[in-house]
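Peer 1: Chain order of the listed sequences is A and B. Everything in the first sequence is counted per this note's numbering, starting at 1 for the first residue and increasing by one. Everything in the second sequence is counted per this note's numbering, starting at 1 for the first residue and increasing by one.
Quick caveat, the hints were computed from the structure, so don't treat them as lab data. Since the structure is predicted, the reported quantities are computational estimates derived from the model, not experimental observations. Hints should not be assumed to be uniformly reliable.
[As the list claims (entries may be wrong)] Simulated crosslink set (SDA-like; lysine to any residue; CA at most 20 Å straight-line):
| id | chain 1 | residue 1 | chain 2 | residue 2 |
| --- | --- | --- | --- | --- |
| 1 | A | K333 | B | D54 |
| 2 | A | K333 | B | V184 |
| 3 | A | K142 | A | D12 |
| 4 | A | K333 | B | R45 |
| 5 | A | K333 | B | R212 |
| 6 | B | K2 | A | I259 |
| 7 | B | K2 | A | E127 |
| 8 | B | K2 | A | P263 |
| 9 | B | K100 | B | S120 |
| 10 | A | K333 | B | D9 |
| 11 | B | K107 | B | L78 |
| 12 | B | K330 | B | A313 |
| 13 | A | K142 | A | V70 |
| 14 | A | K333 | B | D11 |
[Unchecked claim] Covered stretches of chain B, going by a simulated chain A footprint (3 or more residues, C-beta under 8 Å):
| id | segment |
| --- | --- |
| 15 | 41-47 |
| 16 | 162-168 |
| 17 | 357-368 |
By construction, the Cβ of each residue, glycine as well, lies at the ideal position given by its N, Cα and C atoms.
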Amino acid sequence: MKRPKEFFPPLDLVRGRVELSHGSGGRATAQLIEELFVAVFDNDWLRAMNDQAAFEPPPGRLVLTTDSFVVSPLFFPGGDIGSLAVHGTVNDIAMAGARPLYLSASFIIEEGFPLADLRRIVDSMAEAARATGVAIVTGDTKVVERGKGDGVFINTTGVGSVPPEVNLGADRARPGDKIILSGSIGDHGVAILSRREHLQFETELRSDSAALHELVAIMIAAAPDLHCLRDPTRGGLAAVLNEWAHQSGVGMLIRERAIPVRPAVSAACEFLGLDPLYIANEGKLVAVCPPQCANDLVAVMRRHPLGKDAAVIGEVRADEHRFVEMETAFGGKRLVDWLSSDPLPRIC
Amino acid sequence: MKYLEAFRDGDLARRLAVVIAAEADARRRYRLMEFCGGHTHTLARYGLERLLPDNVEMIHGPGCPVCVLPTGCIEAALDLARRPGVILCSYGDMLRVPGKNGATLMKSRAAGADVRMIYSTLDALNIAQEHPEHEVVFFAIGFETTTPPTAVVVKEARRLGLKNFMVLCNHVLTPAAMEGILDVPAAEAVHVDGFIGPGHVSTVIGSHPFERFASNYGYPVVITGFEPLDILQAIRQLIRQLNEGRAELENEYSRVVSREGNLKAQALMAEVFELRDEFEWRGLGILPHSALKLRAAFAEYDAEARFAITQEAIPDHKACECAAVLRGAKRPEQCKVFATVCTPDNPLGSCMVSSEGACAAHYSYGRFVNTAPTSNVPSP
Chain A
1 MKRPKEFFPP
11 LDLVRGRVEL
21 SHGSGGRATA
31 QLIEELFVAV
41 FDNDWLRAMN
51 DQAAFEPPPG
61 RLVLTTDSFV
71 VSPLFFPGGD
81 IGSLAVHGTV
91 NDIAMAGARP
101 LYLSASFIIE
111 EGFPLADLRR
121 IVDSMAEAAR
131 ATGVAIVTGD
141 TKVVERGKGD
151 GVFINTTGVG
161 SVPPEVNLGA
171 DRARPGDKII
181 LSGSIGDHGV
191 AILSRREHLQ
201 FETELRSDSA
211 ALHELVAIMI
221 AAAPDLHCLR
231 DPTRGGLAAV
241 LNEWAHQSGV
251 GMLIRERAIP
261 VRPAVSAACE
271 FLGLDPLYIA
281 NEGKLVAVCP
291 PQCANDLVAV
301 MRRHPLGKDA
311 AVIGEVRADE
321 HRFVEMETAF
331 GGKRLVDWLS
341 SDPLPRIC
Chain B
1 MKYLEAFRDG
11 DLARRLAVVI
21 AAEADARRRY
31 RLMEFCGGHT
41 HTLARYGLER
51 LLPDNVEMIH
61 GPGCPVCVLP
71 TGCIEAALDL
81 ARRPGVILCS
91 YGDMLRVPGK
101 NGATLMKSRA
111 AGADVRMIYS
121 TLDALNIAQE
131 HPEHEVVFFA
141 IGFETTTPPT
151 AVVVKEARRL
161 GLKNFMVLCN
171 HVLTPAAMEG
181 ILDVPAAEAV
191 HVDGFIGPGH
201 VSTVIGSHPF
211 ERFASNYGYP
221 VVITGFEPLD
231 ILQAIRQLIR
241 QLNEGRAELE
251 NEYSRVVSRE
261 GNLKAQALMA
271 EVFELRDEFE
281 WRGLGILPHS
291 ALKLRAAFAE
301 YDAEARFAIT
311 QEAIPDHKAC
321 ECAAVLRGAK
331 RPEQCKVFAT
341 VCTPDNPLGS
351 CMVSSEGACA
361 AHYSYGRFVN
371 TAPTSNVPSP
């Protein structure tokens with residue numbers, strides 16, 4: 001008599017929860033990887049079920065970057081920890097002027113985390129990766145005891161390749177250079193805050209989480225001698241400008257009137273006592289370019305959906321104190337200081 | 001009207017600055033004290049002082065409730081936070097004010113104390129309900145603006161029958177602090193010509209408590225809001241009063257401040273709190289009838305009573321000049337340790353901690369001006 005085949009129940013992705021066994025490296029782990037990660041991310045590397053992914057080195061210099069994502073809440077208007085994990089690392093690669101190619105994805109999951117939520121996050125990552133043209137080629141899964149993790153933490157590491165003529169660096173800002181911002185600031189941070197348990201307020205604001213590599217590509221094509229490029233995430237625009245000022249040994253002067261801020265962001269910042277300059281963005285970039293390129297660069301950016309509100313917001317100047325100053329809306333001047341801590345916890 | 005835009009109109013501000021320069025009499029100085037820390041913050045954030053003529057000087061007053069609490073108050077909170085089973089709830093700024101030896105509530109968290117930042121008194125109440133096994137203490141600070149919300153949660157705690165909720169009451173009173181500035185021996189007095197009166201305190205207690213500073217003390221007072229145009233308008237009104245030899249209370253913040261104030265809030269405050277005989281203020285010394293404590297009827301919600309707290313008198317750091325800055329006797333940049341040893345990362349005293357503190361405001365927004373501000377008044 002033929003023995004009936006052993007029956008391994010599939011993952012219950014609707015009502016099931018992550019258990020410690022899913023992180024133990026045994027059959028439960030393999031099942032989680034196969035039935036969720038491999039099934040959703042769906043590429044040859046993952047289907048091979050190796051511990052690593054091999055690929056031919058692309059032409060040009062390699063760029064490697066890593067980022068961990070601990071955002072709370074996990075799901076927010078305009079995105080979730082999954083899409084953020086893809087966009088964030090893709091953007092770090094893009095800010096080197098590089099083309100994003102491959103990502104790894106490591107998950108640290110708390111025991112008891114609903115599989116339905118994990119599925120939602122993984123779907124979101126896959127969607128973001130597909131739209132960006134990157135493949136998630138390898139990963140890791142750990143499970144920690146209930147109470148020792150905040151739902152899920154994700155780390156993504158990314159590889160990209162940058163053409164030889166691109167030379168971006170935080171120390172390349174020079175007096176006379178122009179500072180360009182791709183769009184409104186503060187959207188992501190405020191969207192996150194609107195979902196924090198004790199702060200809930202109604203808003204139509206959504207996170208601006210987006211992959212910026214295409215925008216960067218057209219910017220570099222229009223202005224190959226771009227000096228600096230960065231996405232203002234934690235610490236906001238103020239942090240990036242201060243970092244550049246310090247590393248380049250220069251000062252900066254920006255104009256409040258030129259900086260796009262949505263009315264909903266202004267309003268929320270007012271009643272929470274926050275300054276949009278210090279709030280994280282996940283789909284914006286700031287650039288420093290030689291003065292003669294600035295107008296063309298802004299024109300080119302405005303033709304791309306992620307740069308439609310692009311604007312020159314100020315210039316770099318000589319300053320031994322390396323201050324970033326701002327001309328306020330009526331001609332007064334104030335410092336845009338370098339804060340030592342984030343005004344908001346866990347927003348990316 | 002969109003308040004944020006209308007009251008921050010740059011063109012209007014420029015025109016006001018020109019008017020102020022025209023009305024200010026070049027033969028005299030105008031020394032105007034803005035009492036509220038919120039006003040200090042606005043002055044710094046919008047660079048308003050650089051729009052004023054050289055003979056109009058703003059003196060920063062002690063209206064920052066974080067700044068005026070002496071180190072002993074912080075130590076009392078730290079002591080409670082370190083006790084096992086206690087959850088200490090506090091507004092954000094208090095977490096970074098240094099107590100003895102640089103200890104802060106934030107650092108005590110890293111050492112294992114359960115200290116939670118809250119935005120509203122109701123958050124503290126919710127925490128008490130969610131954790132009946134813990135004693136939840138709300139570190140209540142502030143002038144009259146924040147006092148009614150504390151009264152509300154004390155009453156709510158009673159209504160809910162909570163046994164584990166307490167308030168560590170450090171609420172202080174504004175008119176008393178203004179008297180503290182003015183009632184000093186002549187040798188120590190800071191020369192002030194007029195006051196920008198508190199904005200949100202006045203929404204609660206009304207504008208009438210400030211009338212006596214005009215009628216009895218002879219100072220012009222203009223109560224104003226926190227937008228930059230509010231402050232420029234108030235400065236203009238003060239200059240006009242001084243030029244005309246008047247000393248009156250004017251209410252520029254009429255969109256939210258009335259003469260009698262919020263009667264319901266005042267009733268709540270009177271029901272739950274009573275005056276302390278005296279209270280030690282950083283910078284102003286011991287002032288009589290200047291602070292509040294819970295009434296005996298609410299003793300079960302009074303952390304001082306339940307924990308038998310006695311407050312230590314702890315001197316400020318040797319180099320700290322917060323006391324002088326709070327009285328308006330020194331500007332932040334005149335303090336020897338300003339922006340050298342004392343910075344927001346490493347504050348020696350309270351003025352460098354709160355965003356309403358004069359030192360923090362100047363450090364964050366204005367320290368690029370190394371000398372006293374020179375005028376940036378635009379030509380008409």
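Peer 1: Run every hint past the structure and note whether it holds.
Peer 2: The hints, checked one at a time:
Between K333(A) and D54(B) the CA atoms are separated by roughly 16 Å; this keeps the pair inside 20 Å, and the hint holds. At most 20 Å may separate the alpha-carbon atoms for a hinted pair to count; K333(A) and V184(B) exceed this at roughly 35 Å. Restraint check for K142(A) and D12(A): satisfied, since their Cα atoms lie roughly 19 Å apart, inside the 20 Å limit. With a C-alpha separation of about 8 Å, the suggested pair K333(A) and R45(B) falls inside the 20 Å cut-off, and the hint holds.
For the hint linking K333(A) to R212(B), the alpha-carbon distance of about 36 Å lies beyond 20 Å, and the restraint is violated. For the proposed pair K2(B) and I259(A), the alpha carbon gap of about 19 Å is at most 20 Å, so the pair holds. Between K2(B) and E127(A) the CA atoms are separated by roughly 40 Å; this puts the pair beyond 20 Å, and the hint is violated. Restraint check for K2(B) and P263(A): satisfied, since their Cα atoms lie roughly 10 Å apart, inside the 20 Å limit.
For the proposed pair K100(B) and S120(B), the alpha carbon gap of about 27 Å is over 20 Å, so the pair is violated. This hinted pair checks out: K333(A) and D9(B) have alpha carbons roughly 15 Å apart, not beyond 20 Å. This hinted pair checks out: K107(B) and L78(B) have alpha carbons roughly 10 Å apart, not beyond 20 Å. With a CA separation close to 23 Å, the supplied pair K330(B) and A313(B) exceeds the 20 Å bound.
At most 20 Å may separate the alpha-carbon atoms for a hinted pair to count; K142(A) and V70(A) meet this at roughly 15 Å. Distance hint between K333(A) and D11(B) is fulfilled; the C-alpha atoms sit about 15 Å from each other, no more than 20 Å. Proximity of the segment 41-47 of chain B to chain A, defined as three or more residues with a beta carbon under 8 Å from a beta carbon of that chain, is established by the 4 residues found. Only residues whose C-beta sits within less than 8 Å of a C-beta in chain A count toward coverage, and the segment 162-168 of chain B has 0 of them, not enough to reach three; the restraint is violated.
Residues of the segment 357-368 of chain B lying with their CB closer than 8 Å to a CB of chain A number 6, which satisfies the three-residue condition for coverage.
Violated hints for the displayed structure, listed by number in ascending order: 2, 5, 7, 9, 12 and 16.
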